[in-house]
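Chemist: Can you make the complete structure from the sequences, with help from the hints?
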Amino acid sequence: MVTVKIKNDNLIIKVFGELDLVVAKEFRETVDKILMDKPVKNLILDLSQVSFIDSSGLGALLGRYKLVQQKGGKMSIFGANPQVFRILDLSGVRKIIPVFQTEDLELEKRRANQ
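211 is the number of the first residue of the sequence shown in our numbering; add one for each residue after it.
These are calculated hints, taken from the structure and not from any lab test.
Among the clues, some could well be false.
To be verified - Each computed DSS-like pair below joins lysine-lysine, with the alpha-carbon atoms no more than 25 Å apart: (1) 248 to 217; (2) 217 to 235; (3) 281 to 224; (4) 243 to 276.
To be verified - Here are the computed distance ranges between Cβ atoms for each label pair: (5) 292 to 243: 24 to 34 Å; (6) 248 to 293: 29 to 39 Å; (7) 292 to 246: 26 to 36 Å.
For every residue, glycine included, the Cβ atom is placed at its ideal position computed from N, Cα and C.
Modeler: What follows is the structure in structure tokens.
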């Protein structure tokens, strides 16, 4: 399951449970529709409620990263638990998509860079 929040030009998606084949599909469809329909540019992903991520979840993250980049925006992740953080690290995703501890830190960093 995913929830959506929009703050200025930031799309904040919170994912619950396992980011696996089923949830990855919902995540992709939700993010893609909002990126096309709303004036948002940046994607901030809250993984604080994600217990596991598999290859389809990683693929969904990287695909959305590419879409956000094409719109001239940035993508970042926050709140990953140690297991999910390790998967992001070992897979190389963390080298591509910045990972932060909290949403507020990420939003503050974005404001400073604008």
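Chemist: Does each hint hold? Answer for all of them.
Modeler: Hint check results:
| no. | hint | in the structure |
| --- | --- | --- |
| 1 | 248 to 217 | holds, 12 Å |
| 2 | 217 to 235 | holds, 24 Å |
| 3 | 281 to 224 | holds, 21 Å |
| 4 | 243 to 276 | holds, 15 Å |
| 5 | 292 to 243: 24 to 34 Å | holds, 32 Å |
| 6 | 248 to 293: 29 to 39 Å | holds, 32 Å |
| 7 | 292 to 246: 26 to 36 Å | holds, 35 Å |
The structure is consistent with each of the numbered hints, conforming to all of them.
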